[in-house]
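Work out the full structure, taking the sequences as your base and the hints as a guide.
Protein chains: 2
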Amino acid sequence: MPLFHRFEFDVLGHTVSLPVPLLVNVAISFGAYYAGRSLIPKMKPMFINANLYGIDMNKTSKPKIPEAFGVVTGCIFLVSLFLFIPVPFLRNFSATIQGDFPHDKFVEFIAAMLSICCMILLGFADDVLNLRWRDKLYLPTVASLPLLMVYYTNFNSTTVILPKMVRPLLGHSLDIGALYYVFMGMLAVFCTNAINILAGINGLEVCQSLIIAGSIVLFNVLEILHGNHSEAHEFSLYIMLPYIGATLALWRYNRYPSQVFVGDTFNYLSGMTFAVVGILGHFSKTVLLFFIPQVLNFLYSVPQLFRFIPCPRHRMPKHDPATDLLHISRTQFRVDELNPLGRLCYQVFRHLRLIRCELDADGKTVTCNNFTIINFCILLTGPIREDRLNRLLVVFQLLCVAFAFTIRYPLAHYFYDTN
Amino acid sequence: MPLFHRFEFDVLGHTVSLPVPLLVNVAISFGAYYAGRSLIPKMKPMFINANLYGIDMNKTSKPKIPEAFGVVTGCIFLVSLFLFIPVPFLRNFSATIQGDFPHDKFVEFIAAMLSICCMILLGFADDVLNLRWRDKLYLPTVASLPLLMVYYTNFNSTTVILPKMVRPLLGHSLDIGALYYVFMGMLAVFCTNAINILAGINGLEVCQSLIIAGSIVLFNVLEILHGNHSEAHEFSLYIMLPYIGATLALWRYNRYPSQVFVGDTFNYLSGMTFAVVGILGHFSKTVLLFFIPQVLNFLYSVPQLFRFIPCPRHRMPKHDPATDLLHISRTQFRVDELNPLGRLCYQVFRHLRLIRCELDADGKTVTCNNFTIINFCILLTGPIREDRLNRLLVVFQLLCVAFAFTIRYPLAHYFYDTN
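Protein chains in written order, with this note's numbering: chain D, -15 to 403; chain B, -15 to 403.
Watch out, some of these pointers could steer you wrong.
Heads up, the list lumps identical chains together, so a pair's fine if it works in one copy or across two of them.
[Unchecked claim] Here are the simulated EDC-like cross-link-like pairs (lysine to aspartate or glutamate), alpha carbons at most 20 Å apart as the crow flies:
hint, residue 1, residue 2
1, Lys43, Asp308
2, Lys269, Glu218
3, Lys28, Asp119
Everything labelled a hint here was simulated from the structure, so no lab data went into it.
Listed below in structure tokens is the structure:
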């Protein structure tokens, strides 16, 4: 049945041909947006009744905002995928009797959804129950097991193409074997947690996720137009478009001033979605390229995350009710109480002017900003309004994405043979 | 590699041969039990802090009991399955390069886990947010879509073998086509909700689920010993054994007097697990046979579920603090205010002595027990202690299961040709 394959039409004399499943997917993504738009405001009282709310500390009125709305977005996203799954296989159903149904492609969708669904469950459990740190590390790893199995059975390509300059030494490519699976397993953990630690002002999590998602879609489209691995990139589009639809609806209510908070659920869901398309679409290194601000924030945060430098429970900026501006939040410690690694980090960061420190009268107690790029941004701009700060971070992320595409396309010619 | 196929040993001169994955599965199931046993008590404060608790109304001291512990059992169950999945495929991994990995078998596991994971998420969301009735009906239907797709692509057998006596009229078998899929979709919804409405006293949900699970395991073993569809029944065992392991740990803490409540999460998880093995193991009608008490309770409840007779929010028995005994709970209505269907139900149930009614002085206002088999049981026994009531219902379910096996095996000879 060619009906279920491609839909062709003329634009200015050129024949444009689109796969029909893609058109259905776009329609479902619009549906996801409208479903979210109507559901989210209706569900606010439910969340408040369930004690799922937070106080917006960056507003003068300190309003109660219902929290963990990522679970609504997540469910809409899941239902969209459930409804879409049969579509790309409709023309294969007649082939079922002959036993040549593409189970290997089908299992990719199901495994992707399983990993995403697990992360929504984990995120929501975290929002409700406040899980411990180690659960946040090993549960995503376990949740990505089926994904890695699918990768193993469908591709099992663990070869990394090397840049031209090291080829005389190491050859054209290197099979890193099991290390590649470790990398992919860690990708899921990294993506889920990286978004989670770059958060704390209205709309930031959703904005950064939307930019990453948009970059992946743009990358998929470019690759399809270049005719590279079209199938893998179509698979990615089928997952990313409903994600964007559902998330845009969330953004409507989460942008400054937030009417709902997204919770860890949303960050986990987003991180896993990006990891899933990267792994199964076979472009996991490119996905990492779109995470530059998150990687920078992670590297900058390392001294506090690993407790070399004391880390308060919340590191988000501090609100000044008098001016309605955000100031940096601070941490305080005695240099002589730090361990050697902490002292090293402190000295290096101070000399690179990555932190702003004040010494107490005794010359030993240091007060400095918390190590997040949000605070660093305020260091550069001075006290700033919450929505402007978010806009600045969005512009920074867009610049990073532009840089990522430069690396991926024009620059790649210098390092790799490309067509 | 035969190592990963069967493990053979001698018992009294007979060679017993067990599939190695089954042995690994049993080990993982024990692990699930011990994980639950150590995790559940540790997590109680987390649930209390998150406002996830209920008051045990059937105790004189009215204690606060943490609720929704099904989510812990569910996560342990999921992690067990995640860890187990690679095992049955280990000997196929070498076949991957030749492209004959059994993706069709693999996708069964992944789809089963996806449906179960979705139901845990839905159940937990219900426990936290108190979803509306219609969500509880259409979300399980959507969650079973991938399951039905797998059934379609792997089996697509929609033929029902007919009993001997109707064969002269309708032939040996009947292909009911799409209706079979409607039946399977409704099975998931029925199983998830049937356990949910037969609840309200300590330990009952877990006990009934364990009995059903045990019956399914016994049935699988019998069928494997008979050499019928061994592969499908092994699949079912691989899912049911970790379920039983995780649930036994929950039972330890949920039995009278309950230290934790299981929540809707557990009932949804259990119902979907039974539906999954029934559908993919191709014995969904037999699974329904193990649900006789739930079916009876559902049929008995119909007048209240569909609001022909007024239905209070909770229908569980009423506790008398003076004697520590449970009494029936009641509903009150005026006969002349019922709609015709309600009046019909009332008259039929009254004449069949299925309800005990009292008429008010005006002769119109009726007070009668709520329509659940728990209340019906108290009607028969008189006021009764909670643990005894649970034991009676367990005995009743065991009798029903014995009856089910009688129908399935000896009686089936009269209706079908069996070997």
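Outcome of the hint check:
Taking the closest pair of Cα atoms, lysine 43 and aspartate 308 come within 20 Å of each other only inside a single copy of the chain (7 Å); across copies the shortest separation is 52 Å, beyond that limit. In the homo-oligomer, the alpha carbons of lysine 269 and glutamate 218 lie at most 20 Å apart inside one protomer (18 Å), although the nearest pairing across protomers, at 39 Å, exceeds that limit. Within a single copy, lysine 28 and aspartate 119 get their C-alpha atoms only as close as 28 Å, which misses the 20 Å cut-off; across copies the closest is 16 Å, which meets it.
The structure is consistent with each of the numbered hints, conforming to all of them.
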